[in-house]
Amino acid sequence: MNDRPLQYGGEPLPTPSLFDRVRDYLSRGPRHEELLASADIRIGVSGIRGKSSTSKQLGQILGERGYDTYTKVTGDHPTSYHNGREIPIRRSGPRVTLYENIDLIREYVPQLAVTDPDDAVVMENQAITEYTMRMVNERFLKPDVLVFCNVRQDHNDTLGADRQTIARSFARAVPEGCHVISGEQHEVIHDYLRAEIEKRGATIEQVVIPERHRGLIGAETIHAIDHTLRHIGEEPLPAERADEMLDAIQPEWAHLPVGRVFNAAKVNEIESTELFRRALVEGDDDESVPVVGEPPADEPERVLPFVFLRRDRRGRTASFVEYVNVLAERDLIDRVHVGGAYTGVFARNVDVPAVEHDTDDTSADEVLDALLAEDLPVMFMANTVDPFMRALTAEVEHREREARGEEPVAPLPDY
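Residue 5 is where the sequence shown starts when you use my numbering, and the numbers rise one by one after that.
Honestly, the hints are just simulated from the structure, not real lab data.
Glycine is no exception: its CB is placed at the ideal position from the N, C-alpha and C atoms.
Misleading hints may appear alongside valid ones.
Said to hold, decoys possible - Cβ pair distances, simulated, as ranges:
| id | residue 1 | residue 2 | range |
| --- | --- | --- | --- |
| 1 | D335 | E238 | 43 to 51 Å |
| 2 | D364 | E401 | 40 to 48 Å |
| 3 | A322 | A398 | 25 to 33 Å |
| 4 | P242 | R94 | 49 to 57 Å |
| 5 | E238 | T169 | 43 to 51 Å |
Let's have the full structure, built from the sequences with the hints guiding it.
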């Protein structure tokens with residue numbers, strides 16, 4: 005065993021004693037509170053769809069306006085952004101621990117405090133239960149402003165079976181004294197949010213979408229950024245910038261040498277998936293149209309769903325069984341492909357023929373070939389946070405570059 009002490013510049017570094025380590029552990033809470041209090045602006049981002057992009061854009065815009073910023077984004081690739089510098093968040097396993105927020109605040113906020121500009125911390129709330137969302141808001145971030153992107157049907161097994169119950173879970177996670185900026189446009193849901201949030205001693209405002217952007221996918225999240233900027237005393241986005249940001253997130257098919265693909269799995273839930281489907285095949289992206297209803301008079305193009313399932317998202321799986329059956333009932337699909345966990349259960353419960361893929365033993369390029377061989381535009385659905393789906397997305401991007409005549413990009417090492 006090597007007993008030589010660690011050295012820096014030829015000088016031995018002190019070795020913390022057991023007492024030092026215990027004291028450090030017990031002081032994490034008070035020290036975390038001090039660090040949070042030192043940040044001039046703390047913004048949390050919650051909701052179902054658009055949290056990651058909204059968090060990243062808010063951090064970027066505040067940085068452009070002279071703030072020292074720390075932004076945390078979760079999702080498929082958890083990442084920290086310190087004044088625009090991208091730093092991957094390393095995790096020891098697939099499970100997310102909320103206590104990583106303490107370590108990240110401890111690492112980055114002191115770096116913000118040593119410079120003159122105002123500090124801004126923007127954090128995506130990755131929690132998926134009412135209790136853990138409240139923990140993030142009340143203990144780990146204590147936001148001055150909380151952005152609700154929207155209320156959609158996802159995480160039904162942990163947040164609630166319907167949109168009102170999900171809205172209640174979000175509202176009950178709001179700390180006293182916080183101001184909520186809500187992108188949810190359904191008036192009944194917004195009124196419910198207002199009543200619940202005001203009971204908790206917090207305030208709420210609803211995002212106003214200008215006429216020129218109504219019906220565009222993601223409009224509520226882009227204009228939530230405007231409302232947030234106004235609330236903290238900043239000028240809203242120039243109209244041209246908002247137009248560009250919205251245009252960039254409208255769905256378009258990826259054109260491959262053979263066939264077309266769109267990755268709707270990144271939105272995770274059925275309402276947004278249906279908005280994407282309509283925009284792609286019908287040009288109808290009106291968010292006021294419900295998922296279940298009469299089909300349009302003219303015959304829309306059919307798509308081929310590839311539904312990827314995760315064993316830890318059973319509520320989401322049940323939602324996509326229902327969604328596939330609605331599409332089948334409308335005669336908008338006539339078959340489905342499925343991969344991931346419990347494919348047999350899914351196949352037995354849908355009303356169209358289902359082709360199962362063993363994505364543990366089949367490569368992404370083989371699965372993509374099988375999907376494209378059906379001679380229909382392909383939509384990935386349900387889940388994207390999985391090594392197989394990352395490989396499938398990379399294969400689509402590779403073929404899309406090939407179709408454009410671009411040079412292939414060398415593969416990145418495993419994330």
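Hint by hint, here is what the structure shows:
A hinted range of 43 to 51 Å for the beta carbons of D335 and E238 is consistent with their spacing of about 49 Å. At roughly 22 Å, the beta-carbon separation of D364 and E401 lies outside the given 40 to 48 Å, and the hint is violated. Taken as a hint, the range 25 to 33 Å holds for the pair A322 and A398, whose Cβ atoms sit roughly 29 Å apart. At about 37 Å, the CB distance of P242 to R94 disagrees with the hint of 49 to 57 Å.
In this structure, E238 and T169 break the distance hint of 43 to 51 Å, their C-beta atoms being roughly 35 Å apart.
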